[in-house]
Amino acid sequence: MHEVSLILNLLDIVEENVRKFNAKRVTHIYLKVGKLSGAEPELLKSAFEVVKKGTVIEDATLTLEVIEPLVKCLNCGYEFSPEDMVFICPRCSSAETRILKGEELLLEKMEVEK
Amino acid sequence: MEKKVINVKTELLKANDLIAKDIRDEMRRRGILLINILSSPGAGKTSLIEALIDRMRDLTLKVIEGDVETEKDAERIRNKGVEAVQITTMGTCHLEANMIKQAIAGMNMDGVDILIIENVGNLICPSGYDLGEDLRMVLLSAPEGDDKPKKYPKAFLTSHVFVITKSDLIDVLSFNPERATKEALEINPGLRVFKTSAVTGEGVDELADYIRDELEKKRGEAPS
Numbered sequence: 001m002h003e004v005s006l007i008l009n010l011l012d013i014v015e016e017n018v019r020k021f022n023a024k025r026v027t028h029i030y031l032k033v034g035k036l037s038g039a040e041p042e043l044l045k046s047a048f049e050v051v052k053k054g055t056v057i058e059d060a061t062l063t064l065e066v067i068e069p070l071v072k073c074l075n076c077g078y079e080f081s082p083e084d085m086v087f088i089c090p091r092c093s094s095a096e097t098r099i100l101k102g103e104e105l106l107l108e109k110m111e112v113e114k
Numbered sequence: 001m002e003k004k005v006i007n008v009k010t011e012l013l014k015a016n017d018l019i020a021k022d023i024r025d026e027m028r029r030r031g032i033l034l035i036n037i038l039s040s041p042g043a044g045k046t047s048l049i050e051a052l053i054d055r056m057r058d059l060t061l062k063v064i065e066g067d068v069e070t071e072k073d074a075e076r077i078r079n080k081g082v083e084a085v086q087i088t089t090m091g092t093c094h095l096e097a098n099m100i101k102q103a104i105a106g107m108n109m110d111g112v113d114i115l116i117i118e119n120v121g122n123l124i125c126p127s128g129y130d131l132g133e134d135l136r137m138v139l140l141s142a143p144e145g146d147d148k149p150k151k152y153p154k155a156f157l158t159s160h161v162f163v164i165t166k167s168d169l170i171d172v173l174s175f176n177p178e179r180a181t182k183e184a185l186e187i188n189p190g191l192r193v194f195k196t197s198a199v200t201g202e203g204v205d206e207l208a209d210y211i212r213d214e215l216e217k218k219r220g221e222a223p224s
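Protein chains in written order, with my numbering: chain A, 1 to 114; chain B, 1 to 224.
No wet-lab data here; the hints were simulated from the structure.
Beta carbons are placed, not taken as given, at the ideal position from N, Cα and C, and that holds for glycine.
Any given hint could be a false lead.
Claimed, not checked - PhoX-like mimics (lysine-lysine), calculated; alpha carbons at most 25 angstroms apart, straight line:
(1) B:K182 to B:K148
(2) B:K4 to A:K52
(3) B:K151 to A:K45
To be verified - Now the stretches of chain B that chain A is said to cover, found in silico as 3 or more residues with beta-carbon under 8 angstroms:
(4) 2-8
(5) 12-19
(6) 89-98
Please work from the sequences and hints to get the whole structure.
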C-alpha cells in the first residue's frame with residue numbers, strides 16, 4: 001500500500017504550484033494513472049480522501065484517468081496493447097519493444113482560484 | 001475570484017527519481033555496482049545475499065537492509081563479517097531513494113565494490129521506486145508458485161535479473177521453473193534468469209559470476 005506515499009508526493013507538487021502561482025484554493029486535480037504504474041486507482045482515490053483533510057487540496061475534486069498500456073515494437077514499428085502481459089511483438093515476435101504508455105503517475109493539471 | 005488552469009505535467013515520483021539519479025551518479029563516480037533485490041517476504045533474499053558473500057570474499061561488499069521492523073537481517077549479514085546498515089521503515093512498505101541516500105551518507109564507501117540493497121519484502125510497492133541501482137533483481141521462491149510473474153508484472157517489467165530461489169524444493173512442490181521463466185520472459189524478454197538454492201549452492205556461482213561481469217562492465221565504461 002504505497003498509495004498514501006504517492007498522494008503525499010502529489011500534495012508536495014500541488015503546494016509547490018500553489019505558492020508559485022499564488023493560488024488561493026485548489027478546486028480540481030487531474031491525475032493520469034497508467035495500468036503498469038503499480039498503483040491501484042481505487043486506493044489512490046481513498047488515499048486522496050484521507051490525505052486531503054486540513055491541507056490545500058481539502059476542497060479539491062480528484063479526476064483520475066486510467067491509461068491503457070501501449071507498446072511499440074522497435075523491430076517492425078507495430079504498436080500494440082499487450083494482452084495477458086505479453087510484451088513480445090505479436091506481429092514479428094521481436095523481444096525488442098518499448099513501452100510508450102501505461103507507466104504514468106502524472107499530475108496532468110490542476111484548477112485553482114486566485 | 002480568478003480561475004486558472006495550471007498545466008503541471010509532473011510525475012508524482014519526480015522527487016524520488018531525482019534523488020535516484022544523484023545516487024546513480026555517485027555510484028558511477030566511485031565505480032560501485034548497486035544492486036536492488038526485490039521479492040515477497042520469505043523468498044530467501046537474505047539467504048541469497050549470504051551465499052553471494054561467501055563466493056565474493058575477494059571483493060568488498062556492503063549491504064543496506066530494508067525492513068518494516070527489527071534489525072534481524074542486518075545482524076545475519078554482520079555475522080558474515082560484512083557491514084550492514086538496517087533501515088527500519090516503521091510501516092512503509094518499500095524503500096525510497098532518500099532513505100538510501102541517507103544510509104549511504106552514514107557509510108564509508110571507500111574501496112567498496114558492490115552495494116546490495118535488500119528491499120522490504122513485498123513484490124508490489126518497491127517496484128515503483130528507483131533507488132539508483134544498476135541491477136534490479138527479482139526473486140521468486142519455489143514455494144510461492146510458478147504463476148507469480150504475471151500477478152506481479154511491474155516487478156518483472158522493471159528488473160534486469162530474475163532469480164528462482166529454493167530450487168532444492170522444486171522436486172517436492174509442483175513448481176515448474178520453465179513455466180515461471182516463460183511467464184517472466186513474456187513480460188520482460190531482456191531478463192537474465194538464474195535458478196538457485198542457498199542450501200545446495202545450485203546456481204549461486206553462476207549468479208556471482210554474472211555480478212562480477214556486470215561490475216567489470218561498469219568499471220570499463222566509467223570515465224577514468
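Outcome of the hint check:
For the hint linking B:K182 to B:K148, the alpha-carbon distance of about 11 angstroms falls within 25 angstroms, and the restraint holds. Annotation: proposed proximity of B:K4 to A:K52 holds, straight-line Cα distance about 20 angstroms (limit 25 angstroms). Taken as a hint, the B:K151 and A:K45 pair is honoured in the structure, with Cα atoms around 22 angstroms apart against an allowance of 25 angstroms. Check on the segment 2-8 of chain B: 7 of its residues sit with their Cβ under 8 angstroms from a Cβ of chain A, so the three-residue criterion for coverage holds.
Check on the segment 12-19 of chain B: 5 of its residues sit with their Cβ under 8 angstroms from a Cβ of chain A, so the three-residue criterion for coverage holds. Remark: the segment 89-98 of chain B is confirmed as covered by chain A, as 4 of its residues place a Cβ nearer than 8 angstroms to a Cβ of that chain, reaching the required three.
Comparing the model with each numbered hint stated earlier shows that all of them hold.
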